[in-house]
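These protein sequences, in sequence, are chains Y and H. Under my numbering, the first residue of the first sequence is numbered 1, with each subsequent residue one higher. Under my numbering, the first residue of the second sequence is numbered 1, with each subsequent residue one higher.
Some hints could be false.
Among the chain H residues that face chain Y by a calculated CB cut under 10 Å, a handful are [said to hold, decoys possible]:
{"id": "1", "residue": "Y51"}
{"id": "2", "residue": "E137"}
{"id": "3", "residue": "P256"}
{"id": "4", "residue": "Y257"}
Reference excerpt, derived from the structure (chain H facing chain Y, CB under 10 Å, subset only) [to be verified]:
{"id": "5", "residue": "F34"}
{"id": "6", "residue": "V98"}
{"id": "7", "residue": "K128"}
{"id": "8", "residue": "L129"}
{"id": "9", "residue": "G134"}
{"id": "10", "residue": "F194"}
{"id": "11", "residue": "I207"}
{"id": "12", "residue": "A209"}
{"id": "13", "residue": "A210"}
{"id": "14", "residue": "K235"}
{"id": "15", "residue": "S236"}
Here chain Y is said to cover these stretches of chain H; the calculated rule only asks that three of the stretch's residues, wherever they fall, bring their Cβ under 8 Å from a Cβ of chain Y [claimed, not checked]:
{"id": "16", "stretch": "37-45"}
{"id": "17", "stretch": "148-154"}
{"id": "18", "stretch": "174-186"}
Note that these hints are calculated values from the structure, not bench results. Keep in mind that this is a model prediction, so the values were computed, not measured. We treat Cβ as the ideally placed atom computed from N, Cα and C, and that holds for glycine.
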Amino acid sequence: MLPERNTKVGVVDLLDRVLDKGIVISADVIISFADMPLIGLNLRAALACIDKMLDYGLMTDWGEAQKAVEKEKEVITPIKITS
Amino acid sequence: MSQKNQIQATQTPQEQTKSQEKTNARYVYCIGSFNEKKTDLDKGIEGNKVYLLPFEDICAIVHNCSAKAYETKDNSKAKQWVIQHDNIISKALEELGVIIPFSFDTIFKEEDQLVEFLKLNKEKLKEKLKQLEGKREFGIKIFYKESLRERIVKEKTKQLDAIKKEDKGKSYFLRKKVEQEIFNELQNKLKKHFQEFYKKISIFGEIIAANIKEKDMLANFSCLVPISKTEELGKSLGEINKLEDFSVRFTGPWPPYSFAQLQDKEQKNAA
């Protein structure tokens with residue numbers, strides 16, 4: 001079995017890693033998000049939608065995910081890059 | 001009129017504001033061992049020039065920016081930034097051999113503060129680089145299929161029919177009991193399979209088990225594997241994927257995002 005990387009499944013996994021993982025520094029020398037981080041909010045919401053779409057085989061392109069994001073973004077907890 | 005004034009006179013107010021923005025902050029992609037010959041990195045987020053900022057024998061891979069986080073409401077733009085972030089990290093991994101990736105949007109307000117971070121954490125960073133050398137991260141998600149549940153239900157329904165024939169008055173309680181038994185048996189089977197798969201995969205490298213995020217997902221692993229064992233891992237996952245009741249989603253190779261956290265010695269001993 002070969003690993004996927006540049007596929008839809010791969011991109012979902014990549015976003016998950018880049019936004020949630022890697023070194024996260026909590027320090028006052030870092031630009032921190034005291035308020036709602038829009039990028040985190042939107043990407044997290046998009047990710048949630050894509051996961052669902054992949055489940056049901058409906059994922060066609062990123063644009064599809066975007067439409068669904070608008071409906072769901074209020075209920076998604078934003079991620080914080082730093083704390 | 002001086003040359004500087006002439007240039008400013010041809011700029012729009014917006015362009016003037018942009019050119020006056022300070023770029024003292026440093027966006028950090030990752031940390032690596034410094035190698036002055038390996039500086040051929042692609043353009044970073046928003047086409048920014050990416051370079052190696054050294055501190056003794058280690059370095060941070062950075063671009064200069066203003067002290068402002070990258071944020072947008074435009075999802076395709078956000079996705080593009082994240083992919084550019086990963087492109088630089090993957091390229092640095094290729095060039096330097098081993099790196100410690102940073103989470104998206106980590107920006108130090110001043111270069112001096114980043115250098116101070118490198119200075120303070122030098123030993124920990126070097127130890128982490130040593131630990132990650134020659135390894136890649138893979139995403140492994142294992143799902144169970146409806147067939148597993150169906151088989152248990154079928155077996156239990158046979159039992160229920162047999163009992164019902166014997167004592168019709170007890171059918172409601174028997175049904176409840178059987179439902180609970182089906183649930184318990186499915187949980188037991190899944191637990192057994194989880195342990196079996198974990199054992200099978202863990203021989204290839206270190207595993208971090210993350211939360212289950214999707215329906216019918218049994219396991220959500222990030223696995224740090226020596227490059228030489230990648231093919232064997234793929235074969236082993238192929239065997240699980242061929243099983244009637246399970247399917248596998250295998251992604252990578254990724255830079256070691258899930259294994260990047262720096263641990264203090266005390267934390268490590270406690271773990």
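Each hint tested on the structure:
no. : hint    : in the structure
1   : Y51     : violated, 19 Å
2   : E137    : holds, 8 Å
3   : P256    : holds, 9 Å
4   : Y257    : holds, 4 Å
5   : F34     : violated, 18 Å
6   : V98     : violated, 14 Å
7   : K128    : holds, 9 Å
8   : L129    : violated, 12 Å
9   : G134    : violated, 17 Å
10  : F194    : violated, 19 Å
11  : I207    : violated, 14 Å
12  : A209    : violated, 14 Å
13  : A210    : holds, 9 Å
14  : K235    : holds, 7 Å
15  : S236    : holds, 8 Å
16  : 37-45   : violated (count 0)
17  : 148-154 : violated (count 0)
18  : 174-186 : violated (count 0)
When each numbered hint is compared with the structure, violations occur for hints 1, 5, 6, 8, 9, 10, 11, 12, 16, 17 and 18.
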